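Asker: Given next are the chains, with one letter for each unit.
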Amino acid sequence: DAGVTQSPTHLIKTRGQQVTLRCSPISGHKSVSWYQQVLGQGPQFIFQYYEKEERGRGNFPDRFSARQFPNYSSELNVNALLLGDSALYLCASSSGRAGELFFGEGSRLTVL
Amino acid sequence: AQSVTQLGSHVSVSEGALVLLRCNYSSSVPPYLFWYVQYPNQGLQLLLKYTSAATLVKGINGFEAEFKKSETSFHLTKPSAHMSDAAEYFCAVASGNTPLVFGKGTRLSVIA
Numbered sequence: 001d002a003g004v005t006q007s008p009t010h011l012i013k014t015r016g017q018q019v020t021l022r023c024s025p026i027s028g029h030k031s032v033s034w035y036q037q038v039l040g041q042g043p044q045f046i047f048q049y050y051e052k053e054e055r056g057r058g059n060f061p062d063r064f065s066a067r068q069f070p071n072y073s074s075e076l077n078v079n080a081l082l083l084g085d086s087a088l089y090l091c092a093s094s095s096g097r098a099g100e101l102f103f104g105e106g107s108r109l110t111v112l
Numbered sequence: 001a002q003s004v005t006q007l008g009s010h011v012s013v014s015e016g017a018l019v020l021l022r023c024n025y026s027s028s029v030p031p032y033l034f035w036y037v038q039y040p041n042q043g044l045q046l047l048l049k050y051t052s053a054a055t056l057v058k059g060i061n062g063f064e065a066e067f068k069k070s071e072t073s074f075h076l077t078k079p080s081a082h083m084s085d086a087a088e089y090f091c092a093v094a095s096g097n098t099p100l101v102f103g104k105g106t107r108l109s110v111i112a
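These protein sequences, in sequence, are chains A and B. The numbering of the first sequence is my numbering, which starts it at 1 and goes up by one. The numbering of the second sequence is my numbering, which starts it at 1 and goes up by one.
To be clear, the hints were calculated from the coordinates, so they are not data collected in a lab. These figures come from a predicted structure and were not determined experimentally. Hints are not guaranteed to be accurate.
Which stretches of chain A does chain B cover? Using the computed rule of at least three CB atoms under 8 Å from a CB of chain B, they are [as the list claims (entries may be wrong)]:
#1 41-50
#2 53-66
#3 100-112
In this text, a Cβ means the ideal position worked out from N, Cα and C, and glycines have one as well.
In isolation and in its complexed conformation, chain A is listed as follows (with noise of 0.2 Å):
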């Protein structure tokens, strides 16, 4: 079975850009989760999804947002981009038991 599948691998962006991140759950998975990894750190949260609903959102500015498809794949959007916001982000699916998540490789995105 495929695992999580995130499009693209990497980009590049400018400054006052947008980006739209893509995610595929593992088969069957109906919880999407979102995690942005800065070079040296740990994943921090930024939302989870669940049958198309927000069940959680991190410690993030207005300019995150995020939605679920009705086949329960999802997208990232991030607007008005900053430098700061140059991370992996990383795409997890689960099937709802308690805190397994299985990761995608993630979108590495450059912010010039």
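Take the given structure of chain A and dock chain B to it, following the hints.
Answerer: Below, chain B without anything else, positioned relative to chain A:
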């Protein structure tokens, strides 16, 4: 609020030596505890998890961890390090429906 502290941002061991990566947690409710590994330019892979069953948990690749409530610790060990164990290791905590909270990570280097 839950948190995780990983002692030592970088640990270096010789091939064949014991690996010990330290993790202490803070949680007001019984926690679920996890260790994830991240190889360069990849996502996170679950090594092992504690979910209130046996306190000694065995994971993949010969790793194990022991939950010690009295010490609020969940240290990761492996009797004999292999070159392929070189990676970044993250301890994480969750409880109930709370999102997974990661530590800052420990980079393991294995010297031939």
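Asker: So, for every hint listed, does it hold in this structure?
Answerer: Tested hints:
Coverage of the segment 41-50 of chain A by chain B holds. Counting CB-CB distances below 8 Å, 6 residues qualify, and the rule asks for three or more. For the segment 53-66 of chain A, the assignment as covered by chain B holds, since 3 residues bring a beta-carbon within under 8 Å of that chain's beta-carbons and 3 suffice. Check on the segment 100-112 of chain A: 7 of its residues sit with their Cβ under 8 Å from a Cβ of chain B, so the three-residue criterion for coverage holds.
Violated hints for the displayed structure: none, as all numbered hints are satisfied.
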